[in-house]
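Let the hints inform the model, and build the full structure from the sequences given.
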Amino acid sequence: MDKKMIPQKGEGRLFIVLPTLEIMLSSCNNSKMRAQVADMEYSNFRKHCKMQTDLRIDTYTKCASAFDMDVLLLHLPKGMIESLVHTTEDKDHRFFTIEKEDLIFLLNRLCQVDHKRMIQHIILLANRIVKKQDNLSTFRNLMAAIEELIQKLMRDDRE
Numbered sequence: 001m002d003k004k005m006i007p008q009k010g011e012g013r014l015f016i017v018l019p020t021l022e023i024m025l026s027s028c029n030n031s032k033m034r035a036q037v038a039d040m041e042y043s044n045f046r047k048h049c050k051m052q053t054d055l056r057i058d059t060y061t062k063c064a065s066a067f068d069m070d071v072l073l074l075h076l077p078k079g080m081i082e083s084l085v086h087t088t089e090d091k092d093h094r095f096f097t098i099e100k101e102d103l104i105f106l107l108n109r110l111c112q113v114d115h116k117r118m119i120q121h122i123i124l125l126a127n128r129i130v131k132k133q134d135n136l137s138t139f140r141n142l143m144a145a146i147e148e149l150i151q152k153l154m155r156d157d158r159e
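Numbered by the UniProt record's numbering, the letters in the sequence shown go through residues 1 to 159 in order.
No lab work stands behind these hints: they were computed from the structure.
A couple of the hints might just be wrong.
Stated by the list, open to error - Straight-line alpha carbon distances no greater than 27 Å define the calculated DSSO-like cross-link-like pairs of lysine-lysine that follow:
id	residue 1	residue 2
1	K50	K62
2	K100	K47
3	K47	K62
4	K100	K152
5	K116	K50
And the structure:
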């Protein structure tokens with residue numbers, strides 16, 4: 001097998017959220033029509049959907065579009081995916097797959113940083129308001145709203 005197809009320790013890895021193009025191909029009723037939609041010769045379309053050859057991003061997106069799908073490329077820190085969710089390596093060692101639910105979990109984990117930064121900005125804003133605030137009752141209402149928002153964000157982070 002070609003060395004490029006086997007993920008090496010020093011090389012990046014490709015993770016595909018299920019279903020793969022191969023799964024979509026095997027479950028469709030008229031794969032020849034899908035090849036026509038992709039404007040590809042049928043045998044090449046099948047090879048590319050099964051990822052039997054090195055693929056260019058353009059070719060992969062053409063195959064995906066035949067199934068009315070777009071492709072999202074998301075760069076994540078090396079090791080993050082495997083440290084947080086279960087991955088399955090394909091039989092030919094070309095890529096790994098994860099479930100859709102795991103993608104949602106990964107995205108939620110990435111967004112936690114934003115919640116923490118938002119809380120820091122809210123605290124900074126509250127401190128600035130305290131310095132300029134003359135009306136204490138208005139300030140108390142604002143602080144109660146900020147506290148409620150922080151508690152909601154913290155609950156969302158735990159879920």
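The hints, checked one at a time:
no., hint, result
1, K50 - K62, "holds (14 Å)"
2, K100 - K47, "holds (24 Å)"
3, K47 - K62, "holds (13 Å)"
4, K100 - K152, "holds (25 Å)"
5, K116 - K50, "violated (41 Å)"
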